[in-house]
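Number of protein chains: 2
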Amino acid sequence: MSLTPPQLADIRCLAFDVFGTVVDWRSSVIREGESLGQARGLEVDWAAFADAWRAGYVPSMSRVRQGRLSWTSLDQLHRMTLDRILEDFGITGLSEADKANFNRVWHRLKPWPDAVGGMHRLRERFTLTTLSNGNMALLVNMAKQAGLPWDCVLSAELARHYKRDPEVYRMATRLLDLSPQQIMMVSAHQDDLNAAKDEGLRTVFVMRPLEFGPEARPDLTIDPSFDYVANDFHDLADQLLSRSEARQSLALS
Amino acid sequence: MSLTPPQLADIRCLAFDVFGTVVDWRSSVIREGESLGQARGLEVDWAAFADAWRAGYVPSMSRVRQGRLSWTSLDQLHRMTLDRILEDFGITGLSEADKANFNRVWHRLKPWPDAVGGMHRLRERFTLTTLSNGNMALLVNMAKQAGLPWDCVLSAELARHYKRDPEVYRMATRLLDLSPQQIMMVSAHQDDLNAAKDEGLRTVFVMRPLEFGPEARPDLTIDPSFDYVANDFHDLADQLLSRSEARQSLALS
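Residue numbers (the working numbering), protein chains in the order written: chain A, 1 to 253; chain B, 254 to 506.
Under the rule of at most 30 Å between Cα atoms (straight-line distance), these lysine-lysine pairs were calculated in the BS3-like manner:
no.	chain 1	residue 1	chain 2	residue 2
1	B	397	B	352
2	A	144	B	450
3	A	144	B	397
4	A	110	B	397
5	B	363	B	352
6	A	99	A	110
7	B	450	B	363
8	A	197	B	397
9	A	144	A	110
10	B	363	A	144
11	B	363	B	397
Don't read these hints as lab results, they were simulated from the structure.
Looking at chain A on its own, in the form it has when it is part of the complex (with noise of 0.2 Å):
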């Protein structure tokens, strides 16, 4: 693990995977429906709630990566399991614009604590770009709410599949008009680094164990082949930047 120093001099670009990695969607999609319940009077295990909608995510893009259902983005994608989680939930007498608005809440997810600071960090010598499922508009009006500073974001609607199909990772590539060598993906979810190093993009592992809530136990077994492993952007920056580099980036975040 690790790259040689000529390796690492060659990385131009960090792709980040977003939710979960970048962003903590459970807690945001929480307290988001805690607000929606009080104001309308409604009595949910939200957290129950969040899940059921996040256990719709890899499904539903199931369907458009094998050719059943045409492109769909994912706004739309989470609108279809918030319309049919809302009725097994039981949850009646929500207007059109009250279940638009919700649905949006993937556009308002808070970073974790570390990102920003974190990217920050990187910046200075890296170029950050999203590579994620989310689509353009989500991507931009998350990173605008957020203050997460992309370069540049790409999204798997520019390719028209879903990660992990490998044209999602060849799109950054051709877009960026780099080499796979010169791009780590950056991804809490080790089927993602997969995909890309088989598509000869470098990988960094970022643990995020509460992604899936406090009771969750994910499996952190790490595949050794993994570039880099950090515990967050922090450390991700502390183990990228030379001495001299972490210093003035620490001094900047």
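Given the coordinates of chain A, assemble chain B onto it according to the supplied hints.
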């Protein structure tokens, strides 16, 4: 001219033309040409060279727009024009590395003096995106070098159509999930604004009388149907932000 208050309140995004509007391509190309000339002992009129390079821009894109050339990135079009005018100017003896590096001068163009400060002010209220014929890699690299604070980088490359084809403007509304009236095109080129207006976008004409050099006499007769006319990006911020926003934004810029 100038939108009513409810129309202005609808605007969510400013979409900027880049070459000539945000950055001063001519001075930047002349400056790098002079450095290259000194390093390689070349006697060249670099202002004439810059003008010739830029003169190849519209005709080369026209070949793509008319289907006489399949999709070709602006980096590649710039290189095709460069190879031709090097010959026209009788310049020989440049290595492939020299030519590849000089071709990337378009990634290193310098902003007009008001651009970065004005953008920081406008960004407090609006989402700022490029809507440029430059390819994604060019625009991302330029932003990084020049410190241009984009929220989003959108290129004609994503539509595989060059402005003024309507597909480029439609791509922006689609990817940002906005209606055309929520986007205002900011450009120093009236044909760009007219094409944007045809797609329902709002329009700002920014006067850049020096784009083609101090000798040029550009036609600054202004189409009265543009929503705003601005002398530079600070003037635009003064017009678009309320008085209290304008004061705050000046303190930030």
